[in-house]
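J.: Starting from the given sequences, assemble the full structure and let the hints guide the process.
If you read the protein sequences in the order shown, they are chains W and P. Read in order, the letters of the first sequence are residues 0 to 159 in numbering that gives the first Met the number 0. Read in order, the letters of the second sequence are residues 0 to 371 in numbering that gives the first Met the number 0.
Rather than coming from a laboratory, the hints here were simulated on the basis of the structure. Errors might be hidden in some of the hints.
[As the list claims (entries may be wrong)] Below are the DMTMM-like pairs computed for lysine to aspartate or glutamate, each with C-alpha atoms no more than 25 Å apart in a straight line:
{"no.": "1", "chain 1": "P", "residue 1": "LYS363", "chain 2": "W", "residue 2": "ASP51"}
{"no.": "2", "chain 1": "P", "residue 1": "LYS179", "chain 2": "W", "residue 2": "GLU91"}
{"no.": "3", "chain 1": "P", "residue 1": "LYS179", "chain 2": "W", "residue 2": "ASP35"}
{"no.": "4", "chain 1": "P", "residue 1": "LYS179", "chain 2": "W", "residue 2": "GLU40"}
{"no.": "5", "chain 1": "P", "residue 1": "LYS179", "chain 2": "W", "residue 2": "ASP42"}
[Claimed, not checked] Sample of chain P residues at the chain W side, in silico, Cβ under 10 Å:
{"no.": "6", "residue": "ARG177"}
{"no.": "7", "residue": "ARG180"}
{"no.": "8", "residue": "ALA183"}
{"no.": "9", "residue": "HIS184"}
{"no.": "10", "residue": "ASN188"}
{"no.": "11", "residue": "PHE191"}
{"no.": "12", "residue": "LEU195"}
{"no.": "13", "residue": "ASP202"}
{"no.": "14", "residue": "GLN203"}
{"no.": "15", "residue": "ARG350"}
{"no.": "16", "residue": "ARG354"}
{"no.": "17", "residue": "ALA358"}
Just so you know, even glycine gets a beta-carbon here, dropped at the ideal spot from N, CA and C.
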Amino acid sequence: MSLSLFRHKAVTPRLERLRALSLFVDLTPAELRIVDGLVHERDYIENEIVFDEGDEGQAIYIVIDGEILIQRQGHGDNGKLAVLTPGKFFGELALLDDAPRAAQAMASTNCRLAVFFRADFIGLLDTHARVASKIGRQLARHIGRRMREMALAAGALQHL
Amino acid sequence: MKTTPTYGSGPVVWAGIIATTCLLLFFFQKMLWLVVPFLLALILYYLMYPVLQRLVYAGMTRDAAASLVTLAFIALLGVGFTLMLPWLAGQLADGQDSIIRYGQGGLRLLERSLRAIESKWALLGNAHFTDTVVERLGNLGGHAAEYIEPLAMGVAAWTPSLLLGPFLTFFFLRDGQRFKRFLAHAVPNAFFERTLYLMHEVDQTARAYFQGLMKLTVLDTITLAAGLWFMGFPGALALGFVCAVLAWIPYIGSIAGGLLVVLVAATDFPDSTAMAYWAVALFLVVRLLDDFVYMPLTIGKSLHMHPLVTVLMIFVGGAVAGVAGLMMVLPVLGVVMVVGETIGQIVTDPRLLARHRYANSLRKDQVSADLI
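T.: Structure below.
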């Protein structure tokens, strides 16, 4: 009886879907089950706004299905910054501080998003530091990659 | 896409918060049979939650962990009750004698005090004030046995309701997260992040309140026990603890606790009237500390409330719903305050409302695209 209590359950399709997301790629099935209890799934319709530039960020979003357009007013190319496809995440700075959103996120197709609330992430740091550190590592990798891309882009412009 | 200003809660929202709190207290008072076990379950939930978290992280499923934690609690309660049973049976057997003995002790103290006053005020002596008061209270005391039966019936009637507490706790532990997600699922996308924040704040407020209540109990117990021990009372710690638990009911609880200690002083120190007066003095000091230092520092601080609001709302709670109102006013106000302020921010934010309307129109267009 006691052994069966600790036996790992079969990985459900929802858990498989979570594991396919880059933010949670390092998590074991047991750890995924903990995160699964904290992640919300939301459906957005084409052209619906997920959040506005300047909004107080409370959560990170991960694209499960569909495409998300990140745009900022006054930026070239009609304000378009990036198009995010399944597996990608955005609004990640909300996990780190209370700073306002730097850009607007809009569903460019009907899409489904996983939402991870900042307070739940902070709670994980206290109660499940190992899980939080794995998510934090993915987050750091992602931010590092973006900084490299930005540095490269700035360098290229200088050469021009 | 523009940055919108942050809208705060104004006097209208605050009037709504206070009115809602009073209305809730009024209704809660009418269904105490459900509210009391619900509050008990909330306290148990916040006490057991860290254990549940550890078990889940150890690899146990949430359902199994909730069952195990609740069963362990019930087993602990059972063992404690079994161990206490012989002592409890002894206490119940001479319970009536003890009540009468302590009642008579209190009566003797009152008589001595009144006679001392009479000797100073001839007018009271002429009116036979002491004899009248003692005779009337003596008649009341003589019927103490009449109060024991309804008291026992009341305890018996409340037992099933209180047993609901652990049962509710189990479901809070097992389904708390599911229920939170279920609630969040019903919220439109435009208000989703704010609502998540609201639910988090409500959870934090309730957690802080009940943790504050536990801290207050510890502070009261330590202060009272130290004072009683210094005065030489027997069982100072137990007396202090009982009085601290009674103090969960603001004002009335402190008075009941004070009365209890005065009765003990009058009975166990029959030759020393001063001891009872010292006990009264101690309770006045603790009461002042409780209302103006401990409570604002623990419960009031946990609810992020101004001490003046805390004290005023305790009076309002008592006026609206009596003793139950005194007990419930702060947690109810804390939760209503968070909900009210957030709803106030949402309904006064034109950008959020515009986004919600826009999403609705998009949805309507999409579902009716193929219709003529």
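J.: Confirm or reject each hint.
T.: Okay, the hints, checked on the actual structure:
1. As the CA atoms of P/LYS363 and W/ASP51 are separated by approximately 22 Å, the hinted pair is consistent with the 25 Å bound.
2. Among the hinted pairs, P/LYS179 with W/GLU91 is consistent with the structure: their alpha-carbon atoms are about 23 Å apart, no more than 25 Å.
3. About 13 Å separates the Cα atoms of P/LYS179 and W/ASP35, which keeps this hinted pair within 25 Å; it holds.
4. A distance of roughly 13 Å separates the Cα atoms of P/LYS179 and W/GLU40; the hinted pair therefore holds under the 25 Å criterion.
5. Distance hint between P/LYS179 and W/ASP42 is fulfilled; the C-alpha atoms sit about 18 Å from each other, no more than 25 Å.
6. Evaluation of the P/ARG177 hint against chain W yields a held restraint, the C-beta minimum of about 8 Å falling below 10 Å.
7. Hint status for P/ARG180 relative to chain W: holds, with the closest Cβ pair at about 6 Å, below 10 Å.
8. Taken as an interface hint, P/ALA183 checks out: its beta carbon lies about 6 Å from the nearest beta carbon of chain W, inside 10 Å.
9. For P/HIS184, the shortest C-beta to C-beta distance to chain W is roughly 7 Å, which falls under 10 Å, so the interface hint holds.
10. Taking 10 Å as the C-beta contact cut-off toward chain W, the hint placing P/ASN188 at the interface holds, the least distance being around 6 Å.
11. Below 10 Å, beta-carbon pairs count as interface contacts, and P/PHE191 has one with chain W at about 6 Å; its hint therefore holds.
12. Checking P/LEU195 against chain W by beta carbon gives a least distance of about 5 Å; that is within 10 Å, so the hint holds.
13. A cut of 10 Å between beta carbons decides the hint on P/ASP202: the least distance to chain W is about 9 Å, and the hint holds.
14. Annotation: P/GLN203 was flagged as interfacial toward chain W, and the flag holds, the nearest CB pair being 8 Å apart, inside 10 Å.
15. Satisfaction of the interface hint for P/ARG350 is found here, the shortest Cβ-Cβ separation to chain W being roughly 7 Å, below the 10 Å cut-off.
16. At a threshold of 10 Å, the smallest CB-CB gap from P/ARG354 to chain W is about 5 Å, leaving the interface hint in force.
17. Evaluation of the P/ALA358 hint against chain W yields a held restraint, the C-beta minimum of about 5 Å falling below 10 Å.
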